[in-house]
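Novice: Given the coordinates of chain A, work out where chain B should sit on it, guided by the hints.
Number of protein chains: 2
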Amino acid sequence: MNTAADFSPTLLPRLMPDAMRDALRVRFAERFVTSMAVREQHGRDESPFDAPPPEAVVFCESTEDVAFAVTTAAEHRVPVIPYGAGSSLEGHLLAVQGGVSVDVSRMNRVLQLDADDLTVTVQAGVTRLQLNREIKDSGLFFPIDPGADATLGGMSATRASGTNAVRYGTMRENVLALTVVTASGEVIRTGTRARKSSAGYDLTRLMVGSEGTLGVITEVTLKLHPLPESVAAAICSFDDAAAAVDTVIAIIQMGVPIARCELMDANAVIAVNAHDKLGLAEKPMLLMEFHGSEASVAEQAATVQELAAGHGGTAFQWATTPEERTRLWTARHHAFLSGLQLRPGCRAVTTDTCVPISGLAQAVTQALAEAEAAGIPHFIVGHVGDGNFHVAYLIDPALPEERETAERLNRQLVQRAIAAGGTCTGEHGIGLHKQDFLVDETGTGAVAMMRQIKQALDPHNIMNPGKIFSL
Amino acid sequence: MNTAADFSPTLLPRLMPDAMRDALRVRFAERFVTSMAVREQHGRDESPFDAPPPEAVVFCESTEDVAFAVTTAAEHRVPVIPYGAGSSLEGHLLAVQGGVSVDVSRMNRVLQLDADDLTVTVQAGVTRLQLNREIKDSGLFFPIDPGADATLGGMSATRASGTNAVRYGTMRENVLALTVVTASGEVIRTGTRARKSSAGYDLTRLMVGSEGTLGVITEVTLKLHPLPESVAAAICSFDDAAAAVDTVIAIIQMGVPIARCELMDANAVIAVNAHDKLGLAEKPMLLMEFHGSEASVAEQAATVQELAAGHGGTAFQWATTPEERTRLWTARHHAFLSGLQLRPGCRAVTTDTCVPISGLAQAVTQALAEAEAAGIPHFIVGHVGDGNFHVAYLIDPALPEERETAERLNRQLVQRAIAAGGTCTGEHGIGLHKQDFLVDETGTGAVAMMRQIKQALDPHNIMNPGKIFSL
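Those sequence lines, one after another, are chains A and B. Residue numbering for the first sequence is 1 to 471, as defined by the working numbering. Residue numbering for the second sequence is 1 to 471, as defined by the working numbering.
So here's chain A without its partners, still in its complex pose:
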């Protein structure tokens, strides 16, 4: 949909000189790949943007591999683009200024599980599902779930969240420490395994959400959580999205420790029904999960049922067995792909605003009304317990005016979110496409400070250049 011209760098692509190519080939041998198929696979993500692929891909197997690749790139002033699972939605992986893709997906070992401390250290290429499989006998789990089976390095780099964040927090709250290869190729360690610390600047939190622009994350130390004694999931349908969201607002304001609280609008339900044969009532729906002791889960559920009934919610349907729960959550995770099938051949322009909870009903209602008025097929899913929701506008890539309309709707949505005290991106990141929104949201002074940090830590602008800001 976008073309390279959309993100034309002010600098020309910085081509890899032969000396760099040779150095990487000597070190990485067959793990240094320049075939077009592999380059193209690494130059795309789940975003609707296109750009030329990276000039090469190096498959790293250790922090030392990454340090070597970055040191070599630094010497030659060539961009470095970290690559995990390729599930970015904001163009983070696109080689808009050329460069080499540093693939960490083979760095997939769980390095150290400290079950007694509720911590684990993993290589950056471990995915969240893999982690939970590998630690399942420990009685612990890692809750952050952005939908995609992303790598923990990538989730750290984009400050990911998703379902479960309403109770367990985002990557911001769950990353304790990182190993990072800096722009000069040095290896540093940020943070410790202690639950809290006041030791100097919070480099961990600076790196979390930095989208590869300050360094390459190679190891991640995470908080784990005890598997709840009891888990229950339920769905509840409403006549309109506002009633569903008003229920959520009441849940949050009462302090119910709900673990997951997701909205699907009627279109999203129609999509997952078609895709997963679920037979759900095709009305706005909340999909919820409760964690705790049996008594606590029962109490939470009773409170929420009462609140839902007060907003016209129909009787809960419970998913009590793990299989039923998995079926529901799998459908939820398929919502994006299912939604795309509502309009075959379409591409999606996806919004990611997050607003203070009291403004959520209005934000969702206005977004729906505007999408209806514009006549563009769309659906909404959202982590509404956090005030975060996504509108997917399903546009025909052959019709530029549809894309323009979707972008206009997105702009309006973002401006309203910012005016309401919210953010242009709850969890996807700035990447290529939200750089103007970042300025609108936080002001030129704060963005200037971010640029000062970027320039100090990456003076030659080799770390994923063109992302967050077009330096």
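If you are wondering where the hints come from, they were derived from the structure by calculation, not from laboratory data. All C-beta atoms, glycine included, are put in the ideal place defined by N, C-alpha and C. Each hint should be verified, as a subset may be incorrect.
What follows is a set of in silico ranges between Cβ atoms, one per label pair, in the way DEER data are often shown [to be verified]:
| id | chain 1 | residue 1 | chain 2 | residue 2 | range |
| --- | --- | --- | --- | --- | --- |
| 1 | B | D116 | A | P257 | 17 to 25 Å |
| 2 | A | Q455 | B | G375 | 30 to 38 Å |
| 3 | A | G310 | B | A315 | 50 to 58 Å |
| 4 | A | M254 | B | E61 | 55 to 63 Å |
| 5 | B | V110 | A | T444 | 26 to 34 Å |
| 6 | A | K136 | B | E61 | 31 to 39 Å |
| 7 | B | Q112 | A | E134 | 42 to 50 Å |
| 8 | B | V110 | A | A298 | 31 to 39 Å |
For the chain B half of the interface with chain A, some residues (derived, Cβ under 10 Å), not all of them [stated by the list, open to error]:
| id | residue |
| --- | --- |
| 9 | G169 |
| 10 | V231 |
| 11 | D396 |
Specialist: Coordinates of chain B only, in the frame set by chain A:
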């Protein structure tokens, strides 16, 4: 105890030129103060360190006042030292390189309570107790409680925590957004009121814990929490500190959502008994609080009682009325001052390590054994649910060898904490005295990165110079 010579700056104190003095006097009139009494009061904190006082104090009443003071100081390259309540324990307020103290204590207005969003924005000089008084009718509260009635600006700057952090997190988790005056005197806003965001670098978390070295915090937007339906506090005594701590480890590993979980060793209990006439059993003691629905509190308490009994804990004593609870927590908050009276005329060298929870029993046991062996009066209090505890060594200021012994014990404690995956400071900050420990903990590479950030954001090193690192 320490003298200025201990922190001799590599640069000479940077004296205020007459032009700066005149500019501040014109703007601030009687709020520009150079009397020795006021300067001395602003040049001390709760740390055992001494240094010459700042050259002047400006009492700011607005962000614009602070911006004016910093702009003027920047023009003349004179240090700026932010001042809130003066409760720092690490020498953050000491004018080790001269300069002007920027007192924000008169910036004490709660600016905007958004009860429906569970957020509040305050000026930096509002204290935590004041905030909770002012919002008490909203059904919400701000949980972070470092003991002292510190300002929320100061608590942000030191990444404070204290009791309650085990359930509600520290300032790291509870600050949503900040207004900051940068080193050039510009006013920026970091963050939004949304619960989560992936919008660019996390400047909020970079400022939280930066100890005044990157800017002056003038406004703070905080998360609030619903007042729990039910609160219960209990104490439980143990034959030795290890048994108490082993109970805590089990509580955390089981995921009990305990709200407060504090250790007082036998000496600390003796001290508060003497000071507050409490008649507690003079044995190691846990002081706990449970928040939640009535059923949840009862369930948590039953689980914890069982765990305590399994480690030889005596029967719980409950504090069920608010008055009894307040009496107990007041005693806990007095523990430091009460402890000082164990040795009249003493000063305290206080440790602040925080370790992964499984290492806590050994850390406490070794600390106690070493203090006993050294023959220095001491006591221990700790936020043990987080793995954080404080040993106070009570030394005779007239006996330098006692200070040397206390510092040696502290060094040993810190080195063991770091080896166990912990931190040299859970909540007090680096300040003047832990700069070497910071390097030991995080490595020269990470500290070099912190310095690069400092130099980029404060190129003339005017923001609280000499703290965190001696630039």
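Novice: Given a hint of 31 to 39 Å, does the C-beta separation of B:V110 and A:A298 actually sit inside it?
Specialist: holds (38 Å)
Novice: Between A:Q455 and B:G375, does the C-beta distance stay in 30 to 38 Å?
Specialist: This hint is violated: roughly 54 Å between Cβ atoms.
Novice: Classify the hint on B:D396 as holds or violated, based on whether any CB of chain A lies nearer than 10 Å to its CB.
Specialist: Cβ of B:D396 sits 29 Å from chain A, so the hint is violated.
Novice: Do the numbers back the hint for B:G169, that is, is its least Cβ distance to chain A under 10 Å?
Specialist: holds (7 Å)
Novice: Let me know if the C-beta of B:V231 comes in closer than 10 Å to any C-beta of chain A, holds or violated.
Specialist: This interface hint is violated because 13 Å lies over the 10 Å limit.
Novice: Take a look at whether the Cβ-Cβ distance between A:M254 and B:E61 falls inside 55 to 63 Å.
Specialist: violated (38 Å)
Novice: Could you tell me whether the CB distance from B:V110 to A:T444 stays inside 26 to 34 Å?
Specialist: At 28 Å between Cβs, range holds.
Novice: Is the gap between the beta carbons of A:G310 and B:A315 within 50 to 58 Å?
Specialist: Given about 43 Å between the Cβ atoms, the range is violated.
Novice: Starting from the hint 42 to 50 Å, judge whether the C-beta atoms of B:Q112 and A:E134 obey it.
Specialist: Roughly 46 Å apart at Cβ, these two residues keep to the hinted range, so it holds.
Novice: Using the beta carbons of B:D116 and A:P257, state whether their distance is inside 17 to 25 Å or not.
Specialist: holds (19 Å)
Novice: Using the C-beta atoms of A:K136 and B:E61, is the stated range 31 to 39 Å upheld?
Specialist: Once the Cβ atoms are compared, 57 Å apart, the range 31 to 39 Å for B:E61 and A:K136 is violated.
In summary, the numbered hints that this structure violates are 2, 3, 4, 6, 10, 11.
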